[in-house]
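S.K.: Order-wise, the sequence lines are chains L and G.
Using our numbering, the first residue of the first sequence is number 238, and each one after it goes up by one.
Using our numbering, the first residue of the second sequence is number 8, and each one after it goes up by one.
Hints may be right or wrong, so weigh each one.
Stated by the list, open to error - Selected chain L positions facing chain G (in silico; Cβ < 10 Å): (1) V241; (2) S257; (3) W259; (4) Q278; (5) Q281; (6) F302; (7) V305; (8) F333; (9) G338; (10) G343; (11) P344.
Bear in mind the hints are in silico, worked out from the structure with no lab data behind them.
All figures in this text were calculated on a predicted structure; none of them were measured in a lab.
Every residue, glycine too, gets a C-beta built ideally from N, C-alpha and C.
One letter stands for each residue in the lines below.
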Amino acid sequence: EAGVTQSPRYAVLQEGQAVSFWCDPISGHDTLYWYQQPRDQGPQLLVYFRDEAVIDNSQLPSDRFSAVRPKGTNSTLKIQSAKQGDTATYLCASSFITGGGEQYFGPGTRLTVL
Amino acid sequence: SQLAEENSWALSVHEGESVTVNCSYKTSITALQWYRQKSGKGPAQLILIRSNEREKRNGRLRATLDTSSQSSSLSITATRCEDTAVYFCATGAPRFGAGTKLSVKP
Chain L
238 EAGVTQSPRY AVLQEGQAVS FWCDPISGHD TLYWYQQPRD QGPQLLVYFR DEAVIDNSQL
298 PSDRFSAVRP KGTNSTLKIQ SAKQGDTATY LCASSFITGG GEQYFGPGTR LTVL
Chain G
8 SQLAEENSWA LSVHEGESVT VNCSYKTSIT ALQWYRQKSG KGPAQLILIR SNEREKRNGR
68 LRATLDTSSQ SSSLSITATR CEDTAVYFCA TGAPRFGAGT KLSVKP
């Protein structure tokens, strides 16, 4: 069974540019999470979905970040006008809530904003 | 804000030794999870321990949970070089601590 896949694996931007990250969860997983992990820190939850509905986006900087999961499968996280402070690894994870909720993480996208 | 935090920034042991990573958390929980993250990879769940459990094992790993002191520990016996990683405890959605960096040396 394929794991969680993310693309791109790396991105380098100038401040002010936009970038999108894409996540393909494990087939059948109804819950999808996006995390931001700055260097030498733990993952910080940004947003999570159950099917296509946003369950919690309270930690998502809404002025520049947006996330969608329109069909309850793949998801896109977008940063408008990136800042140097957005430099981090962006992790996607998925889980099947009825199956105990264990999260499976993708390899992440490492973003550097110059 | 962090709901769970590991108590050590870094630990170093030699292969074959045992090591314990400790974690404290701030709110009542239904479960606590221990994760391991190797360099360049996403975290992988090692053990999920529920609030009505005091101990749970997974091979060389043993997690304990003390709800009265709001603390948990993860012990690894007979460590191997491949156990070198960052170890996190997490609760809720989950929300992660900063992690403990474990180095296992030959």
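S.K.: Next, verify each hint and record whether it holds.
M.R.: Here's how the hints hold up against the structure:
1. Taken as an interface hint, V241(L) checks out: its beta carbon lies about 8 Å from the nearest beta carbon of chain G, inside 10 Å.
2. The restraint placing S257(L) at the interface with chain G is violated, with a minimum CB-CB distance near 19 Å, outside the 10 Å limit.
3. Against a cut-off of 10 Å between C-beta atoms, the interface hint on W259(L) is violated, since the closest Cβ of chain G lies about 15 Å away.
4. Hint status for Q278(L) relative to chain G: holds, with the closest Cβ pair at about 6 Å, below 10 Å.
5. For the restraint placing Q281(L) at the interface with chain G, the shortest Cβ-Cβ distance is roughly 7 Å, inside the 10 Å limit, so the hint holds.
6. A hinted interface residue such as F302(L) counts as satisfied when its beta carbon comes closer than 10 Å to some beta carbon of chain G; here the least separation is about 17 Å, so the hint is violated.
7. A cut of 10 Å between beta carbons decides the hint on V305(L): the least distance to chain G is about 19 Å, and the hint is violated.
8. Interface hint status for F333(L): violated, as the beta-carbon distance to the closest one in chain G is roughly 13 Å, over 10 Å.
9. Evaluation of the G338(L) hint against chain G yields a held restraint, the C-beta minimum of about 8 Å falling below 10 Å.
10. Hint status for G343(L): holds, given a least beta-carbon distance of 5 Å to chain G, under 10 Å.
11. Using the Cβ-Cβ criterion of 10 Å, the hint placing P344(L) at the interface with chain G is satisfied: the shortest such distance is roughly 6 Å.
Comparing the model with each earlier hint shows violations of hints 2, 3, 6, 7, 8; every other hint is respected.
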